[in-house]
Each structure stands twice: as C-alpha cells, then as structure tokens.
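Peer 1: Residue numbers (full-length UniProt numbering), protein chains in the order written: chain A, 1 to 270; chain B, 1 to 353; chain C, 1 to 343.
These are calculated hints, taken from the structure and not from any lab test.
Please read all numbers here as calculations on a predicted model, not as lab measurements.
In this text, a Cβ means the ideal position worked out from N, Cα and C, and glycines have one as well.
Watch out, some of these pointers could steer you wrong.
[Claimed, not checked] Chain A is faced by these chain C residues, among others (derived, beta-carbon under 8 Å):
#1 LEU219
#2 LEU231
#3 LEU236
#4 ALA282
[Claimed, not checked] Covered by chain B, according to a simulated footprint, are these stretches of chain C (three or more residues, beta-carbon under 8 Å):
#5 20-32
#6 50-61
#7 95-108
So you can see what is in the structure, the chains are spelled out below.
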Amino acid sequence: MTDELIRFSNVGHAYTPARWVFRGYSGTVARGRVLAILGPNGCGKTTLLRLLLGLGRATEGTIERFGRVAFVPQLFQVGFDYSVLDMVLMGRAGRIGLLAQPGRADEAAARDALARFGLEDLARRPFHELSGGQRQLVILARALVAGADLLILDEPASALDLGNQVLILDWIRRLARQEGLGVVFTTHHPHHALAVADRVLPMQDGADNHDAPASEILTEARLRALYGVPLKRVAFEHEGQRHETFALVIPHSNAPDDTTGAPSPDVSPP
Amino acid sequence: MALLGALLAGVAPPAGAGEPPARDQRGAPLPASLPAHKMVTFNSALWMLLTLDQGTDRVAGASASTVRVVTTGLLGKAFPQAARVPDTVAADGFFLPNVEAILALAPDAVLQWVGRNDPAYLAPLERAGLPVVGLRENQSDADYIATARLLGTLSGQPGRAEALVERYQALYAALARDLASLVGERRPKVLYLWKDRPLIPIGGGSFYGALLERSGGENAAASLSRWGAVTMEQILVWNPDVVLLFCCGPARPQALYEDPAWRAVRAVRERRVYKVPMGGSRFADLIEGPLFSRWLAELLHPGLPSRLRQDLRETYRAIYGLTLSDDDLDRTLHARANALSAHYKRFLRETPP
Amino acid sequence: MIRTHPLILPLLAALCVLMVLFSLGVGTYPVSLATQMRITAALLLPAPLAPDPTWTEAEWTAVVILRLPRVLLVTLAGAGLGLAGASLQGMLRNPLVGPDIVGISAGSAFGGMLAILLDFSSTGLLLSAFAGGAGALFLAWSLARLGRGGGVLPVILAGIIVAAFFTALNGLLQYVADPDSKLPAMVYWLIGSFAGSSLEDLRLAAPPLLIAGTGLVLLRWRLNLLSLGDLDAAALGVRVGGLRWLIVALVATLVASQVAVSGIVGWVGLVVPHCARMLVGADHRRLLPASALVGGVFLLAMDNLARTLTVQELPIGVLTAVVGTPVFAFLFWRSQARGWVLD
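Only chain A is shown next, with the shape it has when bound in the complex (with noise of 0.2 Å):
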C-alpha cells in the first residue's frame, strides 16, 4: 500500500528488562486516515508517541515511517513571550542548518501557513496571550510548516473548553480529508474518536492489540472493558444531520427512598 505513511508492528517498550510498560502494540496510518489511540491515563501513550516520532529506541518491534513526521504536544506553553510568528517558523527547524537563521521564504511559510488557519491577524501576538485553541492551531500551523504528511498530537483538545474541543476536532479532520494528511493522536475522551477517527488502537494489557476500524472498536462492551465504566452510545440529530457520541453513566448513587431510606443524621439509630 503506497499511501502508508506508518506502519509500526509489535512494539513494546521496557525500562528494565523485567517491567514492560506495555507490548506487541501493531498499526498503521495511511494519507488522509486518522488513528485515535485509546486507552486510560498512565497506559504509556506519550511513551509510545515517542516511539513513534522516532524519539526513542522501541525494546521490541519495528517502526517504519515513509514520511515526514511533525509533533504537536500537549497545550503548549513557553516560558518566553514569543510572538505566534515565532513560533511557527521553529516548525523550519528542520530544513535551516545549524548556525543559519531564517529567511524571507522561511517567514513567507509560516504566514501561509498561519493564513490557512485563518491566524494571519494573531501573527505579532504573543502567543502566551492566545487562547488554548488558537494555541493548539499555532502548533498545528507550525507542524504543517516543517512540510509533515503525518501529524503525531498528544491529547490535543483533553485540556480544552468545550468550544476550542470542538475547533481543533474539526480541523483535525478537515487536514485529514481536505490536505490528505496522515494523523496520529492519543485521547482519552471515546467521543473524540468517535468524531474524527478512522481507526483506533485501544491500550490495553491482554486485548488484541492491533489497531482496527473504529467500528470495530468503539463498541459499548469493548469501552467497558478498556475503561471499565459502562458507557452509553447514543444516536441524535441536530440541524438535520445525524451524530454519534458516548454518554457517561453517573450511577445513582442511594438516592433516597421516602418510606425505607437511610435514616437522617439527625434522628439517631435505634
């Protein structure tokens, strides 16, 4: 398959040789596809983005990449009051030698690039002073910037209000569909797979762990066993197009009854 622009096969990865943080994980990532790994927190997703961005020698398995591959973390910070232009120019890095700067086509790029996002006005901003989503589309500008055909992103919109959740989803998509891109991210939110991924890798000791269509994988009894809370997928419409979504379900917890409930605490046991 010539579109592939990942393909990783049985990767584990061990701190010492006796505590795996997790094994055998397989995938792939085609032009245009977005896979959405799942899993509970402190599964190893960074760890395994590391492994994939080639940050990282894999204990076992192997990783082949056909493309270029771009990063972007978790909600970005810097210490440094760096205008937004700034820091999208650092997505050239790769292709400026080590003690040269960059120049008016390096710049010309990354307004491009900020325009595409429609970022062009926010360029001599400080980018400390954005909000969380315009922050993580800077970063995403920056990584379509160094030329990647594959973006890797860490829990992209998990520290996001639900607006800026919503924005970043919705491009995450459209670079797949629109710009053919391949992406990569980690979530822990099923519904956000559920929006945008094609396939899904869920996390977890003893499944299979082979990536598959997220169909196949973002079943009720498949959640339950990964996450080990019941969820509930729920079907709606809104403004005549159809949505798919899961629901948490909050157990209620003893609500009480009126002729059998608990006692009140200020009638004392008999």
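Position chains B and C against the provided structure of chain A, taking the given hints into account.
Peer 2: Chains B and C in isolation, oriented as in the chain A frame:
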C-alpha cells in the same frame, strides 16, 4: 629645605625607663607570676621575644603566619629552632585563636592584639580563663618602646629591652643628624606599594607613612585616608619620584620598568623602584625599623654616607651574635631584584660574585 | 502585540560605540576632551591623517595604555556575560538564572585560583577556569534534573548548592595559599575588578570571548527551539543533546574568559538579558545581539563608576551586586505574580 626640625619629634623621651610596666596595653593587670615561661603569641611580638630571650625556650606556640616570617628571614638563621615552635594556635593561621590547642599548651601568658576584632580574637581566650596580655598595634615610636619594655618584663629581660630601646633611639638620632646636614635638598615623593595587583599603597596617617617622612621623603599617597586599591591613573597624578615594593610579595622593579603603563611615571623613568629588604622581621620593628629608614634615606638622598650594609652586619652581630655573609646580605637586600635600580650599587658588595 | 522598532539594535550598537569613546575620556588622570579626541583620532586614522602628537606621555599612557585595553576588555566581558546569561536562560528555559546563579562563576574562580596556586601560565589559568566553569555548570544541571517535575526552582537550588560547594573550595584554597605571594592575587580574583587590565589581559581574553560570543550569536535561533523543551525541540528535528553541550561549552568559555581577567562579576548575566528583553522581546534572534550590546554598555557604566567614584578603586563586583540584587528581587516578584509555569 632643611630636614632638621621635626625629625626627632616622634622619638619618645626615655621617661619611666626604670619603672617596669604593671599593666598590658589595654590596661589589664599582667599575669601574677613573671617572668612567663610558656608564652603563646599571635603577633609580631614573636621576633622581639626571640631577640630578648635569644631563643625559643619561652615560646610555647605562635601563629603560623608569624612563624613563617621568622623561618623565611634572617631570624630563621639566628634561631633555626623557631621552625619547631608549634604553629597551630591560630585557627586561621593569623590571629583567630584555636582555644583548645592553646589550653593544651598550658601557657602562662597569651599575647594577642587588642583593638583589632577583639570579640573574635581576644574574647575566646578570656572566656577560657587564659592569661591574656593585650598588645596594641605599634603606631609610633612610643608604642615600639612601650611594647619592648612590656615584653622585657614578660620574659624577664628588662635590661636587655632597655638596651635595645637605647640602640633604636641612637640609630634614629644618627639618621636625623645625617639628614639635617642635607641643606637645600628636596624631599622626594615616595609611593610605598603594599600590593601591586591591585595597587594598594600605604596611605597618610599610618605609621609606615610617617616612617617615609622620617626617612627624608614625602608620602606620595598622603591624601589617601584609608586602606584600599587605587587606579594606575591616580599614580600618574601623584607621579612619585620613588616607588617602594613590599618586601615579601611577588612584585619586582623589573616588572614596573617593563610595563608600558608605568613608563610615564618619574620613578620608572629615573629607575628608582626598589623592593624593600626582607631582613629578619620584614625590615620593620624595633630592631630593623632604623635599618629600613637608613636604607630608604640613602636611596632618597644619595649624598648621605653609605653605611647601611655595615649597619646591617653590625646589628646582627651585636644583637644575635650572627655573622652575615655577603650572600646573606645580598639576599636580604634583594640585590638581584634591585640591581637595575638607580643608586642601588651603594648597597652591593664591591666585587659582585 | 509584540512590536519592536527595527532601529533598536542599530541604536544600541551606536550607544555602545559612544559609551566606549566616552569611557576613554573618564578617569582620575585629567585629560582634556580635545586631547582625548586627538589621541583617539591618532589611534583610528592612518598615519598621514593622524594629528601631531601634542599630548604628554602621561596623557597618552592614561588614554591608550590604561583606559583603552580596560575599556575594550570591559565591553567584551559585559557583552560576554550578557550573551552567556541570555543563552543560559533560553537553554534552561528559566528567566531567573545567570552564570553566577548556576555556579559557573564560582567554578571558574576555583579553576583560576587553583591555577594561581599551582603557578600555571596565563593560558593555563584560562583553561583551568574554563574547566572549573564547565564542570560547575554540568554539576548544577545534573543536580537540577533530579528535581521532579522541572520548573524554575530546581535549577536555582542546584546552582546554589554548586556555587556554595565551589565557594567552600575557594575558601580552602585561600587557606593553603601563601599569604604573601599567592593570597592577594586570589582575593583580588574573588572580588572582581578590572583595575589591573592590561593589553596582555585583552590579548588573552578577547579571542575566546569573540569566538564563543560569535558562536552563540550564530546559534541564536536554535535557542528559540531549545527553549521549547526537549521533547518538542527533538520532534522539530533539533539534536537537543549535542546542541546543549555546544551551548554549555560556549557559555563556559565566555564566563571563564571574563573571570580569568577580572574575577567574579556577578549579576550582569542575570539582569542584562531582562533589560534586553524589554527592548527587543523574547525572540533570541534579536535578544542575543541586544544582550551583548546592553551588557557592554552596562558594564562600562559600572566600571566607569568603579574607577571614578572615589580616589580608591571600588570593586566592580560590589557595584553590579548592588544594582543586580534589587533587580533579581523584582524579577522574582514578577515571575511569581505572573504564575510562571514551565514544563
């Protein structure tokens, strides 16, 4: 301008010569049983004690810095046993007492500076119940003489102390006579550099500054009221006729002659930069103070009769019974370092080796 | 909006040149402005155009032999400290560090004092100071990585520990040094002063200062990348480990060269980058040149005060500390007020 006049003013009258001192220099009574047999000293009293007692028998301990002055100079030749004096009585090597080490020596007198950081240097000794004898830093002739008499009393050598005092006064009186004969001669401006990097000169109002005047010169840095570094530009402003370098530092006249920064200074143009002789007690104090003045006066006023070399030899023979060789004298006078400087030939032996 | 006037850097450069010329006219020895200008012209212009030498030897000595090497050395040292501070702050992603705070200065002083004790040549002294500075930075940095969760405090605490350690070693060296021949030079070193600056000092320190300074200026955009954090920088294709070692080596070279000729001059490397940041913003492409220029101007101003305020020379390290510590306090307050979060 005549140099007569005030030259003798600093010399104290020999009043009270027969009366042994009963108190130390901060007014406290002296230890009850005198003379002391086991003394500990932190300061320059060490070389006076050696001189008075002609040995180290009464010295139970001294600070490392004072022992080093003795062992590296001519006194080390006179008293080789000084190298064996326990030198751990000062915790910092200088004046900070190591009380436990001193208690272990069980001294009957501990000689310490007063007026110089008393709470750290003196108080711990007193708290430990040690018999402290306070000594002020010598700031004048009268101080030198008083200190000599006090040390004479402590070591049971009052007669010897008196003889040394008389010798001191006689040498200065001879110098004053010689200087008074120089009618119409200008007092050269002398800059005494205690350190050369940074440039720290002896300022006005100090004993050493007064010593320059007494030796027939004028302190170029007399306007300087406190200890500290000055800029080279300030030295250009002073433009001294003569520059003296501390006896025991790394500086040498040669370095100044070769340094372009000094080229415009008169002392360098006229090659009148001298490293002060080392002697036995750094060419200062009761024994060598007059020798320093003679040395300087002869350099400032080359018309004076040349007698330093013989004075030096004579002093060591009379006081220490030591016959100094020509090599000893050359070493102590820094003959090699000063060889290039004007008028220094007068101090060197007739036929160099 | 981040707006910086495009003329700020050229103006800073012009200010630095003016400050150099002005400093040549400042000093204890009286030299008239006209004479100073004529001497300067004689230095700068080729022989046929140079004015006739109407000045005295003392005036020439004051301007050319005493002030010129000192002024140039102070300018280069100030620029070097500014660059070192800005680079460290970028590399460690921490606006509250400087070469003295992370222990480089104390380490360099240790290396230099050891060289004095062992009678090294002046080049040996420079190398020894470099080894001490680089070693201290390495120690501080390794120690800071033990601090979990990153942030600004572990680096500062590690720096305090390392600086205290080297300060203790320096005390030990002073104790064993010969008080007549070695100790004065050592003490002079620890206080920090340009009082003895000579042409030899300039010859010794200028090449490493210029080379390492140029190196950092060329790497200035890479500092932007490094300041993003290891993971992000590496993902952008930066070889983080190698680049960081390169910067450590260049920073240590700058500080060691400065310490080798003038002892510990604290606070410059901390304060100057902040002033520069107020003028040109955080982008290291502009910040590094600006820090170098502001550093030169600042240290020249301090040194002019040091050599003219009183008859006696004030140690410049004391002046920079008097100016630097309140600024540090202000920065600490502001960083806390802003809730500076890193990592």
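Peer 1: Which numbered hints does this structure break?
Peer 2: Violated hint: only 7; rest satisfied.
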